[in-house]
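Undergrad: Here is how the chains run, residue by residue.
2 protein chains.
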Amino acid sequence: MQYSFAERTKSMLASPLHFMRSLSTRESFISFAEELPAEELFPLSSLEAAAAAVISKSPAALQYGEPQGYLPLREWLCNNFKQMKHTEVVAGQILLTTGSQQAFDLLARVYVEPGDPVLVEHPTSPGFLQILKMQGAVIVPVEGNADGIHPEHLLQQMESIRPKLLLVSPNFTNPTGVLWSLERRKEVLEICRSRKVLIVEDNSYGDLHFGGISEKEFYSKYPSLFSLDEAGKGGQVLYIGSFSKTVVPALRTGWAAGSKAMIETMVMAKQLADWQSSHFNQCLLHYLLESSTFDILEHVQMLNREYEIRLKLMTELLKRPAWKGSRFEIPAGGMFLWVKLPEALDSVALLKCSLDKGAAFLPGTLCYTNGEGREYIRLNFTHPGRDELLLGMNLIGEAITEFTARS
Amino acid sequence: MQYSFAERTKSMLASPLHFMRSLSTRESFISFAEELPAEELFPLSSLEAAAAAVISKSPAALQYGEPQGYLPLREWLCNNFKQMKHTEVVAGQILLTTGSQQAFDLLARVYVEPGDPVLVEHPTSPGFLQILKMQGAVIVPVEGNADGIHPEHLLQQMESIRPKLLLVSPNFTNPTGVLWSLERRKEVLEICRSRKVLIVEDNSYGDLHFGGISEKEFYSKYPSLFSLDEAGKGGQVLYIGSFSKTVVPALRTGWAAGSKAMIETMVMAKQLADWQSSHFNQCLLHYLLESSTFDILEHVQMLNREYEIRLKLMTELLKRPAWKGSRFEIPAGGMFLWVKLPEALDSVALLKCSLDKGAAFLPGTLCYTNGEGREYIRLNFTHPGRDELLLGMNLIGEAITEFTARS
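Line order of the protein sequences matches chains U and L.
Mapping the first sequence onto the working numbering, position 156 (from 1) lands on 156, and the numbers just tick up by one.
Going from the second sequence to the working numbering is simple: count from 1 and add 407.
Fair warning: there could be bad hints in the mix.
[Stated by the list, open to error] DEER-style ranges, computed between Cβ atoms:
hint : chain 1 : residue 1 : chain 2 : residue 2 : range
1    : L       : E705      : U       : T315      : 57 to 65 Å
2    : U       : L313      : L       : E705      : 50 to 58 Å
3    : L       : E671      : U       : T315      : 37 to 45 Å
4    : U       : E398      : L       : V545      : 53 to 61 Å
Treat the hints as calculated values from the structure; they're not laboratory data.
All C-beta atoms in this analysis are idealised placements derived from N, C-alpha and C, irrespective of residue type, glycine included.
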C-alpha cells in the first residue's frame with residue numbers, strides 16, 4: 001500500500017546520518033565520522049563479573065523495573081554529583097534514559113510545540129538537531145567564540161522571538177570542542193533566568209578532559225550551569241549526562257537531571273515511549289560502579305590519557321602537506337576536532353572521494369540547519385587506534401591532494 | 408521557573424498508570440494490575456552463561472550497534488517466522504525496539520498526525536492508548552465479540568471517517584483475552600485492504616497459549632494478519648512482537664516487522680529517539696537463543712503449562728461467594744482475565760479499598776477512552792505465584808464484600 005506518513009517525518013527522511021552509520025560497519029573502513037569510544041579500553045573483566053553477580057543474585061534484575069530507572073543507580077549519581085560536582089541532587093530529580101539522545105528527545109516531546117523557536121549553539125550536535133526538526137521546532141542559532149556563546153548575540157536573538165529553550169554543551173561543545181569560560185556560563189545563565197528560558201545542558205563529554213587534572217578539580221573550575229543554578233532547584237536547567245563515553249555505550253544508560261516537576265513529566269513520557277530502559281543494564285552498571293575491582297575515576301583518567309595521545313597524534317598528522325591551509329583549535333577534552341578545510345574545499349564533495357578510499361569524517365553541514373558548514377569537517381579521535389589514525393588521516397589527505405590538484 | 412509544557416503533554420499528565428506502577432513495588436503488596444511474567448521461571452543459569460560468553464568473546468558487543476538492531480538476532484527472528492509461523496521475512500523488514508511499547512510509539516510518531524482518526528479494539532491496551540493520546544489521534548473504538556472485532560461495525564466506523572490505521576491484537580487481545588477466529592482475521596484484513604487502512608497487529612501475547620498445542624500448530628490455526636498479508640509484502644500490516652513475556656522483560660527487546668518502506672522510516676525515527684536499543688542485550692539474547700542449553704520452544708511450553716494452572720486457580724477462586732455475580736470468559740492464552748464485577752460495583756472505587764488491603768487490579772476504565780469500563784477489572788494471572796493468587800484474590804474478595812454490604 002501507499003503510506004501517508006506524518007508531515008514531520010519528511011524532514012527526517014532527508015537525514016544522511018543513517019547512511020554514515022551503515023557505511024562505517026564495513027570491514028577495514030576507518031571512520032572519524034561517529035562518536036565511538038575506544039572499545040579496546042572497555043572494562044571487560046569487571047563487566048563480566050558484574051553480569052554474573054547481578055544475574056545470580058536475584059531474578060528481580062531481569063524483571064520489569066521502574067520507568068524512572070533503578071533507584072540505587074540514581075542514588076549513585078546523586079552521590080557523584082555531590083562528591084565530584086559540588087551539587088546536591090536527590091534521586092527524584094533524576095530520570096535514567098536510553099542514552100543522552102533519549103533524554104533530549106523526551107524533553108523535546110513534552111516541551112516543544114511545532115513552530116516553537118529553540119536556540120542552539122552554532123554549530124551544534126547533528127543528533128539533537130534531528131530531534132528538534134522532528135518536533136517541528138524553529139531552530140535559531142546563536143554564535144559563539146572560544147569562551148562559549150556570545151551573550152550579546154543571545155540577547156539579540158531573544159529580542160524578536162520568545163524562545164522555548166536554549167540547548168548548549170558548555171563542556172566540549174559538539175562539534176567545536178569549545179570549553180566555556182566560567183564567566184560566560186554565569187552570564188548565559190543570568191540572561192536565561194531573567195527571560196525565563198529553559199536551558200538544556202548536555203554534559204555527555206565533560207568527563208573526557210585532558211591535561212591531567214582530576215574530575216573534582218575540573219568541575220570546580222568549570223561548574224555546570226545546572227550546578228550554578230543550584231542543581232535545578234530553580235528549575236532553570238535540565239542537565240543531560242551519559243555512561244556511554246565513560247563506561248560502555250551498549251548498556252545505553254544516560255540520564256536527565258532537573259527540577260522534580262520537569263523530571264516527573266519526563267518520566268511519564270518515558271513510560272509512554274518504551275516503559276523503561278533496560279533494568280538489567282542499570283543493575284549491572286550499578287554493581288560495576290560499586291564493585292571493588294573497578295574505579296570509575298581511575299578508569300576515566302586512563303581513557304583521558306590515551307585520548308589525549310590520540311588527539312596529539314591527529315594534530316601532528318594535520319601538519320602534513322596535504323592538510324596545508326587547514327585550521328583548527330586544539331580542544332581541552334571531548335571526542336572531536338573541528339577542522340576548517342584548506343581553502344575552496346567542499347566537505348561534502350571531499351567526503352565522497354574519501355569514502356571511496358575507505359575513510360570517513362562528518363561533513364560540517366550536518367551540524368548546521370541552514371546549509372552552512374561546507375568548509376568544515378568533524379574528526380573523531382577517540383575510536384581509531386593509533387595505526388588507524390595514521391592510515392585514515394593519510395587516506396583523507398590523499399583525497400584532499402586530488403581535489404587540490406584538480407582545482 | 409514556571410514551565411509551559413507542550414499542549415499534548417496534558418493528556419499524559421492525567422494517566423493513572425504511573426501511580427499503579429509505583430504502588431506495586433511496595434513490599435508484600437500483591438498486584439494483578441500489571442503484565443509481569445513469573446520471575447521464578449526466568450532461565451537464569453542460561454542467561455548467566457550467555458552474558459559471560461558474549462562479554463568475553465568480543466568488546467564489540469559493548470560498543471554502539473546498528474539502529475535497526477543486531478543483524479543475527481533479526482535473522483533469528485526471520486528463521487523463527489519461517490519455521491513457526493510459515494512466513495517469509497527478510498532481516499531488512501525487522502526493526503528491534505525497546506519492547507513492543509516502543510515499536511508502536513515509533514509507528515505513531517512517523518505515521519499519525521494530530522487529529523488523525525485511529526481505530527482501536529474496544530476495549531484496548533492502556534499503554535497503546537496513551538501513545539495515541541500523546542500523538543493527538545482521535546481514537547475511534549470498534550466493537551467486537553468472542554471471534555474478534557465486528558466487520559459490520561468496522562465498516563460502519565469507516566463510513567464517516569478516513570482512519571489512519573487500525574490497531575488490533577488478535578491473539579489474546581489486551582485486556583479481554585479474545586482469540587480471533589481465522590474467518591474474522593481474513594474479513595478484517597480484506598476490509599482494510601480495500602480501504603487502504605494500515606493495520607498494526609500486536610502479537611505480544613500470541614506465544615502464551617494454553618491447551619498443550621505446539622507453537623507451530625497454534626500459528627497454523629491462527630495465522631497472524633501479517634502472515635495472511637504475505638509477511639507485509641503488500642505493506643498492509645505492521646506486526647509487533649516481544650521477548651519480554653517469553654524470555655525476560657529486562658532485556659527490553661521487542662520488534663516491529665513490516666514492509667521495507669515502513670521499517671526504513673521507523674529506523675530513522677528509532678535513531679532519533681535513542682540511536683538504538685542495547686546492543687549488548689541483543690547480543691546476549693541471540694547467544695541464548697542459539698545456545699544448546701536453552702530451547703525457547705520448551706521454555707515457553709513450560710511457561711504455558713504453569714500459566715494455565717494459575718489461570719485455572721484464579722477462575723476457581725472467582726467461584727467463591729464474594730465474587731458471586733461476576734462474569735468472565737476463560738481465555739485460551741495471554742496474561743489476563745477480564746472480569747465484569749458483581750452488579751453495581753464500580754472498579755475505581757473498589758480499587759481504592761482493595762489497595763488499602765494490599766492488592767491491586769487494573770480498573771477497566773484505563774482500557775477505554777471515554778470513561779466506560781467502570782464495571783470491569785483486568786486481572787493478571789502470570790506474575791503472582793499460587794499462594795499470592797490465593798491471598799490476593801481473597802483480599803479483593805474482602806473489598807467486594809464490604810462494598811456489597813454497604814450498598
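Undergrad: Now look at each hint and say whether the structure bears it out.
TA: Quick rundown of the hints versus the structure:
no., hint, result
1, E705/L x T315/U: 57 to 65 Å, "58 Å, holds"
2, L313/U x E705/L: 50 to 58 Å, "53 Å, holds"
3, E671/L x T315/U: 37 to 45 Å, "39 Å, holds"
4, E398/U x V545/L: 53 to 61 Å, "58 Å, holds"
Of the hints listed earlier, there is not a single one the structure fails to meet.
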